[in-house]
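There are 2 protein chains.
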Amino acid sequence: MTQDRFEPALISLVSEWLGDGLTTVLACGMVGARQGWQEAPYRAVPCAPVAAGDTVKVETQDPRLDVRIIAGLSQAAPADVMRGEEVQIAGFLSQQPDFEGVLLLPGTHSKHVELVDGHVQRFATHMTGEHFNLICAHSILKHSVAEGDHDPVAFADGVQIGRAGNALKRLFSIRAEGLVGQSDPVAARSKLSGMLIGAELADLDPKRPTMVIGSGALCDLYLAALLQIGVDAAARDGGDLVRAGLTKLYLTEQA
Amino acid sequence: MTQDRFEPALISLVSEWLGDGLTTVLACGMVGARQGWQEAPYRAVPCAPVAAGDTVKVETQDPRLDVRIIAGLSQAAPADVMRGEEVQIAGFLSQQPDFEGVLLLPGTHSKHVELVDGHVQRFATHMTGEHFNLICAHSILKHSVAEGDHDPVAFADGVQIGRAGNALKRLFSIRAEGLVGQSDPVAARSKLSGMLIGAELADLDPKRPTMVIGSGALCDLYLAALLQIGVDAAARDGGDLVRAGLTKLYLTEQA
Numbered sequence: 010m011t012q013d014r015f016e017p018a019l020i021s022l023v024s025e026w027l028g029d030g031l032t033t034v035l036a037c038g039m040v041g042a043r044q045g046w047q048e049a050p051y052r053a054v055p056c057a058p059v060a061a062g063d064t065v066k067v068e069t070q071d072p073r074l075d076v077r078i079i080a081g082l083s084q085a086a087p088a089d090v091m092r093g094e095e096v097q098i099a100g101f102l103s104q105q106p107d108f109e110g111v112l113l114l115p116g117t118h119s120k121h122v123e124l125v126d127g128h129v130q131r132f133a134t135h136m137t138g139e140h141f142n143l144i145c146a147h148s149i150l151k152h153s154v155a156e157g158d159h160d161p162v163a164f165a166d167g168v169q170i171g172r173a174g175n176a177l178k179r180l181f182s183i184r185a186e187g188l189v190g191q192s193d194p195v196a197a198r199s200k201l202s203g204m205l206i207g208a209e210l211a212d213l214d215p216k217r218p219t220m221v222i223g224s225g226a227l228c229d230l231y232l233a234a235l236l237q238i239g240v241d242a243a244a245r246d247g248g249d250l251v252r253a254g255l256t257k258l259y260l261t262e263q264a
Numbered sequence: 010m011t012q013d014r015f016e017p018a019l020i021s022l023v024s025e026w027l028g029d030g031l032t033t034v035l036a037c038g039m040v041g042a043r044q045g046w047q048e049a050p051y052r053a054v055p056c057a058p059v060a061a062g063d064t065v066k067v068e069t070q071d072p073r074l075d076v077r078i079i080a081g082l083s084q085a086a087p088a089d090v091m092r093g094e095e096v097q098i099a100g101f102l103s104q105q106p107d108f109e110g111v112l113l114l115p116g117t118h119s120k121h122v123e124l125v126d127g128h129v130q131r132f133a134t135h136m137t138g139e140h141f142n143l144i145c146a147h148s149i150l151k152h153s154v155a156e157g158d159h160d161p162v163a164f165a166d167g168v169q170i171g172r173a174g175n176a177l178k179r180l181f182s183i184r185a186e187g188l189v190g191q192s193d194p195v196a197a198r199s200k201l202s203g204m205l206i207g208a209e210l211a212d213l214d215p216k217r218p219t220m221v222i223g224s225g226a227l228c229d230l231y232l233a234a235l236l237q238i239g240v241d242a243a244a245r246d247g248g249d250l251v252r253a254g255l256t257k258l259y260l261t262e263q264a
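Just so you know, the protein sequences line up as chains H and Y, in that order.
Residue numbers for the first sequence follow my numbering, beginning at 10 and rising by one.
Residue numbers for the second sequence follow my numbering, beginning at 10 and rising by one.
Treat the hints with care, as some may be off.
Each pair may be met inside one copy or between any two copies, as identical chains are not told apart.
[Said to hold, decoys possible] Calculated pairs, DSSO-like style, for lysine-lysine (alpha carbon to alpha carbon, straight line, at most 30 Å): (1) Lys151 to Lys178; (2) Lys257 to Lys66; (3) Lys216 to Lys178.
Derived from the structure by calculation, the hints contain no laboratory data.
Kindly produce the complete structure, drawing on both the sequences and the hints.
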């Protein structure tokens with residue numbers, strides 16, 4: 010999307026809500042990336058997930074719009090970045106301000122976020138979702154996997170392999186199982202998913218409070234894998250938390 | 010390639026060597042796969058890498074050809090297969106029949122082969138080469154890596170990450186390093202290569218004799234990584250060993 014297409018796209022979504030006066034629009038996520046509408050900075054952790062004033066104002070053609078893009082978060086070492094999840098984290102903390110532990114935000118680029126005293130202490134991005142799609146679509150394993158009903162037994166088998174640190178070295182077995190014996194491509198896909206999710210979760214400490222932010226089938230997979238490895242986790246809806254985080258920031262900026 | 014195109018392709022390569030009588034052609038590798046010229050069976054390990062008589066005769070139109078495809082090797086658990094490498098292993102054993110230890114055959118699908126008493130005891134396929142190409146070509150990291158001169162420092166940094174079991178969880182840092190600071194895409198590519206090779210080699214036992222079968226730049230990368238992790242390994246040319254293995258099998262079958 011070229012930069013001049015963001016404003017018409019936004020107006021087509023929110024025009025019903027625009028009055029005669031100025032309407033503040035708070036935006037977060039990849040809209041603030043270099044290839045987004047306007048680049049927003051990163052704030053370096055450790056820090057609160059969002060901060061009043063740390064937004065970038067976007068110049069708009071329409072005088073009714075006051076668009077601000079929220080800064081992302083960055084980490085120097087290991088190098089890491091996030092855009093958008095920081096608002097979900099702020100939304101979560103607005104509801105559970107005393108939570109200390111790990112937030113897990115599954116997705117194409119899954120985030121593990123350590124919260125201490127209302128601040129993001131450190132975080133790590135795992136390319137699990139992208140990696141899974143890449144292997145299913147482009148690797149030789151594409152001949153060995155097929156979409157279909159989730160297979161919980163094959164998934165659990167995969168989680169076990171992944172948490173033991175064997176995801177990479179056992180990838181090819183997904184193909185070989187179909188060559189040396191019988192293999193169900195639908196089960197193989199669940200197993201591959203379990204292997205990559207198990208690898209992602211291998212380092213989690215079962216003694217630390219852990220919360221999954223997300224919803225739907227992917228969130229359920231993570232909850233099942235966490236249960237299997239002994240991490241007692243609950244889930245919060247990611248959409249709800251984005252709205253809670255945006256609202257919190259808006260009210261703070263108005264105050 | 011469709012099946013009827015194998016014979017003309019072969020004749021165009023060997024016609025100068027064909028006489029009036031019958032010429033034996035021993036073939037190995039993916040020519041014996043299900044999608045190859047004719048499917049050859051797998052022999053289950055533990056076993057000698059090749060065995061006289063364990064070839065499949067191919068029906069040819071040209072009466073001067075006696076084409077035989079050599080069986081591959083399979084392993085039940087963890088499921089694994091190889092086609093072609095077994096001939097290199099046989100070639101290696103024809104030169105060093107008393108070798109006991111690990112043969113490492115780098116490539117798209119890298120093989121680790123444990124040799125005991127002239128037999129393949131077990132083996133493991135690592136999709137390292139395919140995985141590297143996949144990530145460079147199709148993942149979000151493609152924007153962060155570029156071909157160029159090998160960077161040995163970045164490579165060694167990657168090997169260190171990979172051998173510590175952190176290859177998967179640090180993939181995204183390749184991209185993030187370019188977003189939060191300065192990053193050289195050519196060095197980033199060497200680092201990614203080191204991460205995946207380091208992960209592949211992490212479980213090798215420095216106390217076991219180890220030999221790399223291959224040649225060229227990829228072989229040099231493996232030798233450098235092995236040196237870094239304390240495994241003393243020499244290399245043998247893979248092409249030479251294929252010819253040695255085919256010759257050995259041919260002479261055995263004639264005897």
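Hint-by-hint comparison with the structure:
In this assembly of identical chains, the alpha carbons of Lys151 and Lys178 lie at most 30 Å apart whether taken from the same copy (17 Å) or from different copies (23 Å). For the identical chains of this complex, Lys257 and Lys66 are intra-copy neighbours only, at 18 Å inside a copy versus 75 Å across copies, given an alpha-carbon limit of 30 Å. Proximity of Lys216 and Lys178 under a CA criterion of 30 Å is satisfied in both settings, with 29 Å inside one chain copy and 21 Å between copies.
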